[in-house]
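Engineer: Each chain, letter by letter, is given below.
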Amino acid sequence: MTKEFEPLLQRYLDGGISAEEMKVLNSALEADGALRREFVDLLDLDASLGAMARQRETDEDRELVRPDFRAGWKGFVALAASVVVAAVFLWAWQGGSTQSFALVEESTGAKGPAIGLHLKGERIELAEGTVKLRTRPGAELVIEAPAAFRFESPHRLRLEQGRLAADVPPPATGFTVVTPDGEAVDLGTRFGIDVTDRGQSEIHVFEGEVVAHPSGPGDPTSLRGGEAYAMRGIEGGGRELRNAAFIEGDEMSALRAALEAGQRPRAIAATAALRRDAALIALLDFEDGKPDSGVYRSVQGRWPGSRALEFVEAGDHLALDLGGGRDWPQLTLAAWVRLDRLGAPYQSLFHTDGWSGDLPGQVHWMINGDATMRFALRDNLLAPGSDEAFGHPDSRTPVLAERGRWVHLAVTYDADAGVVRFFLNGRFDKETRLALAHPARLGPARIGNWDQQDRKLSGRVDELVLIGRTLADSEIAELFEAGKPYLPSE
Amino acid sequence: MSPTEAERHRAFLRQFTANEAAIRAFVRRLVPARADADDIMQEVSVVLWEKFDSFQAGGWFRPWAFGVARYEVLAWLRDKGRDRLVLSEKAVELLGSEAEASEPRLERQREALEHCIGEVAPAQRNLLLRAYEPGARVASLARESGRSEPGFYQWLYRVRKQLLDCIRRNLAREGWS
Chain A
6 MTKEFEPLLQ RYLDGGISAE EMKVLNSALE ADGALRREFV DLLDLDASLG
56 AMARQRETDE DRELVRPDFR AGWKGFVALA ASVVVAAVFL WAWQGGSTQS
106 FALVEESTGA KGPAIGLHLK GERIELAEGT VKLRTRPGAE LVIEAPAAFR
156 FESPHRLRLE QGRLAADVPP PATGFTVVTP DGEAVDLGTR FGIDVTDRGQ
206 SEIHVFEGEV VAHPSGPGDP TSLRGGEAYA MRGIEGGGRE LRNAAFIEGD
256 EMSALRAALE AGQRPRAIAA TAALRRDAAL IALLDFEDGK PDSGVYRSVQ
306 GRWPGSRALE FVEAGDHLAL DLGGGRDWPQ LTLAAWVRLD RLGAPYQSLF
356 HTDGWSGDLP GQVHWMINGD ATMRFALRDN LLAPGSDEAF GHPDSRTPVL
406 AERGRWVHLA VTYDADAGVV RFFLNGRFDK ETRLALAHPA RLGPARIGNW
456 DQQDRKLSGR VDELVLIGRT LADSEIAELF EAGKPYLPSE
Chain B
924 MSPTEAERHR AFLRQFTANE AAIRAFVRRL VPARADADDI MQEVSVVLWE
974 KFDSFQAGGW FRPWAFGVAR YEVLAWLRDK GRDRLVLSEK AVELLGSEAE
1024 ASEPRLERQR EALEHCIGEV APAQRNLLLR AYEPGARVAS LARESGRSEP
1074 GFYQWLYRVR KQLLDCIRRN LAREGWS
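Here the protein sequences line up with chains A and B, keeping their order.
Residues in the first sequence are numbered from 6 upward in steps of one, following this note's numbering.
Residues in the second sequence are numbered from 924 upward in steps of one, following this note's numbering.
Next comes chain A alone, as it looks inside the complex (with noise of 0.2 Å):
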């Protein structure tokens, strides 16, 4: 009786029906209640196969099924309590914790998933800050606002958006991202996933080995420390590692105490009180929510919430046209920023537009390939018997670790004096000495990228300032005590 419409049914269920068909079994459908009826039971049959192997995967019992499916019916049925009530139930579950996918750690921002809540297959939209998951197998995850995700079980986690940093040690080895682009298949290690709100999923790998299971054309792809990978059609491929674009499980603990220690308040009234500054000449914090004129990301600050400008291909920068017009004799510059290390030759922090000959006094500050800082003023001339190796002044320390973290960055400037002095996280760096010293020139000038020839910036900038004069090695420590995000956890 309904023999005939067995391949419709077939195909139906695998996803291979074309549209002529679907007409056909529509009207069948629609005309005939037997075969109703034999459509509901397949359909019926193929949930309840579902369910088991959803409960089996909760077991992780992958070998072995049990012979007696009335108990794993029954326990999926407890498990499947899930969704939104997860998040309403809290209390009712405290006994169910054993079948949770995964616990909440730590979390920043208001309206992040609680501390202590279990998930199971709930979706959670994390709009500022960032949560700290442990799933039920061990792996440490850190996701970063803006995101959504859900676990489909204590080994899979499904990332629609957001910055994922996973931490997993042997016993959780095999966990696996899904994002809109394709798979990251753990093999041991620790790893980043970047899913944009532009839709495309980049793996980053820090240390051991990812496979990458694409889902449009292209093999699956090994991954090892070091590497980085966008999984998009045509235009996916190897990428530079940005190890700074994540946050990870240390990390995390530290932002979390400062924010409970009151950081946050207190950086907005630092930044307050430098508005004030009667030699304030700009302070950059991208808050006000305008579009400021370039190529760049919105993405969140040190704070949660908080907005920072991301700068990831070359080109990606941000035009302005600050303090032009006259002479600077003395100047500060400053900045929160967050930093891939790259190792390319230079990273732009501050470029003024051009470096010609007959604007002595241009201005440009930067990051050299050994992750020291660059101050150097067209024209400039270094005091005699310098220990500058390369002509301009460069700090001391690297500022960049191999971890990412946000640091601050400072120069101050006296051109009566010929001085420039380095600060790195608020302590004094290294003071270069000058022969011949420009006043500062400003006006039309990038962030992130020099007008002239590339000169790519990796990572985010939160707050730069500039000041027409020489702060003290005390403003700048106070500039960073009260601006930092960071405190050691407990």
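Calculated directly from the structure, the hints in this document are not laboratory data.
No incorrect hints appear here.
Taking lysine to any residue and the SDA-like style, the derived pairs with C-alpha atoms no more than 20 Å apart in a straight line are:
| id | chain 1 | residue 1 | chain 2 | residue 2 |
| --- | --- | --- | --- | --- |
| 1 | A | Lys8 | B | Gln1077 |
| 2 | A | Lys116 | A | Arg269 |
| 3 | A | Lys8 | B | Arg1083 |
| 4 | A | Lys8 | B | Cys1089 |
| 5 | A | Lys116 | B | Val969 |
| 6 | B | Lys1013 | A | Arg42 |
| 7 | A | Lys28 | B | Arg1001 |
| 8 | A | Lys435 | A | Leu386 |
| 9 | B | Lys1084 | B | Ala956 |
| 10 | B | Lys1084 | A | Asp19 |
| 11 | A | Lys28 | B | Glu1012 |
| 12 | A | Lys295 | A | Ser311 |
Residues of chain B clear of chain A, computed beta-carbon distances all greater than 10 Å:
| id | residue |
| --- | --- |
| 13 | Thr927 |
| 14 | Ser977 |
| 15 | Trp983 |
| 16 | Pro986 |
| 17 | Trp987 |
| 18 | Val991 |
| 19 | Tyr994 |
| 20 | Leu997 |
| 21 | Trp999 |
| 22 | Lys1003 |
| 23 | Arg1005 |
| 24 | Pro1027 |
| 25 | Gly1069 |
| 26 | Arg1070 |
| 27 | Asn1093 |
| 28 | Arg1096 |
Just so you know, even glycine gets a beta-carbon here, dropped at the ideal spot from N, CA and C.
Fit chain B to the known structure of chain A by using the hints.
Structural biologist: Leaving out everything else, chain B in the frame of chain A:
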């Protein structure tokens, strides 16, 4: 949370956990893929909770929940299902209206499945359930089991038919049909 509020939550949770699997199966029967059903269920569970006030105490939770779920499925079909090959609205309406009457039969079939799955050889059973895990990759399962992809789908369909035959034999023996 006030005591009455807490009591209301408990009442909902009792009903929802007892019927969640049946509601999920109901949704799954009306959409092309299990993954679609998972997405819709997220929404259904939220709406059920939001509308729990309109559910009369003493009434039957499951038919009420089927009604809510049917509405969500139709909304999904109109929105996400537009460019997919899906059931017609009329077919969904018919299947939906027959669902509550079919539920006793389906419940017995689900119980019989627990027995019948045990009759499938362990290696095959393992392969079958792996194919049903969320996000399973049919291409690699096919390769692993030495089949082409169409061959694997063919095999899946055959196993499902065998299970359905076994289930029906069992129910016939017990006097159900």
